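Asker: If you want the building blocks of each chain, they are given just below.
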Amino acid sequence: MIIFILLLLYTEIKQLIGKEIRLELKQKYVLNGILLYLVSTIFVTFLAFDRIISADTWNSLFWIILLFVAVNGISKSFVQESPARHLYYYTIASPQGILLSKILYNLLLMTILSVFSFIFFLLLMGNPVVNVPLFIIILVLGSLGLASVLTMVAAIASRASNNFSLMAILSFPVVLPLLGTLMKVSKSALTTTQWSGNYGYIFILLILNIIVVILAYLLFPYLWRD
Amino acid sequence: MFFKENWWKVLAAVLLIYSVIMGFVVDVPIMHPTYETLRNIFYHVGMWFAMFCSFIISFVYSLRYLKGFKEEEDIRSVEAVNVGIIFGVLGLLTGMIWAHFTWNFFWTNDPKLNGAAVGIIIYLAYLVLRGSMEETHKRAKVSAVYNIFAFVLLIVFVLILPRLQTSIHPGGKGEANPVLPMDLDAHMRFVFYPAMAGWILLSIWIWKLRVRIRQIGLKMEKEYYQES
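Quick mapping for you: the protein sequence lines, in order, are chains A and B.
Taking the numbering used here, I'd label the letters of the first sequence as residues 1 to 226.
Taking the numbering used here, I'd label the letters of the second sequence as residues 1 to 228.
It is worth saying that the hints were derived from the structure and are not from the lab.
Keep in mind it's a predicted model, so treat the numbers as computed, not measured.
Built from N, CA and C at the ideal position, the CB exists for glycine as well.
Accuracy of the hints is not assured; some may be wrong.
[As the list claims (entries may be wrong)] Per the computed footprint, the stretches of chain B lying under chain A, defined by three or more beta-carbons under 8 angstroms from a beta-carbon of chain A, are:
#1 112 to 123
#2 134 to 144
#3 156 to 164
With the sequences and hints as input, model every part of the structure.
Answerer: In structure tokens, the structure reads:
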């Protein structure tokens, strides 16, 4: 029985993600806007600092820029389609399917954005990363965390007045500990090749991600029913 | 009649007066760096407990609202958040004063302190969210969902994450937890547990008063609209 439900959910999610990707590729509105935002902010930081900056500064700038890019990109995810379209989705898809598909689509978006951001940072600000595999793991976990938290907050904010500042206010306190842990682990990825001290933090990041996704999964049907 | 309904309020007042007086009279173990300031434990920790109790109450009423959609429960949930935020801010202030005397700074980059501040900010964002919506039912539903989300995150950020990291605040990785009886001095136990009970009862008292004020306000509104 559970396998049957999971199979249904799987095909539903696959179709919904396909729909989101196709919509995005048609207009390229979000992707282009966010990439432009990313390039401009990294260029501004390049102009503001000399070429040689410390690993600390590189770390902080990278994550702050990624945070703002994430908030900008994901805030549009529930707002782009009209309420009539949402009503149509309500009749044909389950709320859990829609939520998981949006989280997975935003995860894809965040992964692409973080890879782009990393490449631009390398080009303009130099590469202080010493422990590359650890840094890649941090990028993936960070993208997952930011995507799931911000998707849930965007769902809540879209039911309210659709204000961007509301989305920012709601998302920052929830994202702060996640960001703090990410910054700590990536600082150690920039300075040493040792893996030993980081397992605790990686564990924390994983647990946070799992908790947020489970919470969103349980709570989204109540939001969706309007 | 008065005493039957309100015995717990009298108990709250008595317990708090007892804890204020005895808090300064009882013998405390003299340790570095707290020395005599250890007495603050009866008030600072008490306020955090009151805050947690209020947030648990608001969480329970949010869950009940999502089950039955009665406006009554939404009012109780919001007022519990209000009371909880007040006690949380007071807890932060008493903690800052204590930090100034023992560690010589008001605030620092520490997991527990950051977690506590983020917890309060999450609930302040809850109030902002409520303020942005006008329609009663939608506001109640969305804020109930956010309340559940915020409560679970509060537990994680304040209780779980700081215990996994080394911290200057008591209760970090591998440290003793002063709330449990085995880690607390025997003399202090006689003041600590009554003080906790007193602070929790005080927070419930304030919450009930606020709920009643809100309900009276609602009733007056309904009568006004029915007359006109």
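Asker: Each hint: holds or not?
Answerer: Now the hints, each set against the structure:
1. 112 to 123: Holds, because 5 residues of the region 112 to 123 of chain B bring their Cβ atoms closer than 8 angstroms to Cβ atoms of chain A.
2. 134 to 144: holds (count 4)
3. 156 to 164: holds (count 4)
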